[in-house]
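Undergrad: Sequence:
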Amino acid sequence: KIPVHTNTKSPQTTTRGHLTVLISGGNFNLSQTANQRSTLQLLVDQSLPHVTIDGMDPAQRERRNALFGISGIRGNYPQIFVTTKKVVVGG
769 KIPVHTNTKS
779 PQTTTRGHLT
789 VLISGGNFNL
799 SQTANQRSTL
809 QLLVDQSLPH
819 VTIDGMDPAQ
829 RERRNALFGI
839 SGIRGNYPQI
849 FVTTKKVVVG
859 G
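Its first residue numbered 769, the sequence shown is counted upward by one per residue in the working numbering.
Hint data in this document are derived by calculation from the structure and do not stem from the laboratory. Note that this is a predicted model, so its numbers are computed, not measured. In this text, a Cβ means the ideal position worked out from N, Cα and C, and glycines have one as well. Among the clues, some could well be false.
Between beta-carbon pairs, the in silico distance windows are [to be verified]:
hint: 1; residue 1: 798; residue 2: 852; range: 31 to 41 Å
hint: 2; residue 1: 841; residue 2: 796; range: 28 to 38 Å
hint: 3; residue 1: 799; residue 2: 837; range: 30 to 40 Å
hint: 4; residue 1: 854; residue 2: 819; range: 30 to 40 Å
hint: 5; residue 1: 854; residue 2: 793; range: 11 to 21 Å
hint: 6; residue 1: 842; residue 2: 810; range: 20 to 30 Å
hint: 7; residue 1: 853; residue 2: 796; range: 29 to 39 Å
hint: 8; residue 1: 809; residue 2: 785; range: 34 to 44 Å
hint: 9; residue 1: 854; residue 2: 798; range: 35 to 45 Å
hint: 10; residue 1: 797; residue 2: 854; range: 34 to 44 Å
hint: 11; residue 1: 844; residue 2: 809; range: 14 to 24 Å
hint: 12; residue 1: 854; residue 2: 794; range: 27 to 37 Å
hint: 13; residue 1: 796; residue 2: 840; range: 30 to 40 Å
hint: 14; residue 1: 802; residue 2: 854; range: 29 to 39 Å
Could you build the full structure based on these sequences and the hints that come with them?
TA: The following block contains the structure:
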């Protein structure tokens with residue numbers, strides 16, 4: 769998990785996050801395919817926590833559409849999103 773922000777009040781609240789990467793397993797655009805591959809490899813090389821969403825997977829269609837709604841861009845891959853959540857530590 770990526771520590772993003774720590775609140776110094778007790779109990780301590782920390783925001784932790786990961787990256788969500790939207791790709792397309794059926795992408796025939798050579799440039800986008802190369803970008804997807806190098807992006808995923810960079811995340812692995814840097815040990816960055818991430819979740820991959822395949823835009824071609826019918827089971828992930830709703831999530832894909834929600835991500836398209838956030839970015840305002842359809843059919844361009846990869847797209848990277850920062851996902852965070854607050855975690856209470858101690859107390």
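Undergrad: Hint by hint, work out which the structure violates, then give me just those numbers in ascending order.
TA: 2, 3, 4, 5, 8 and 13
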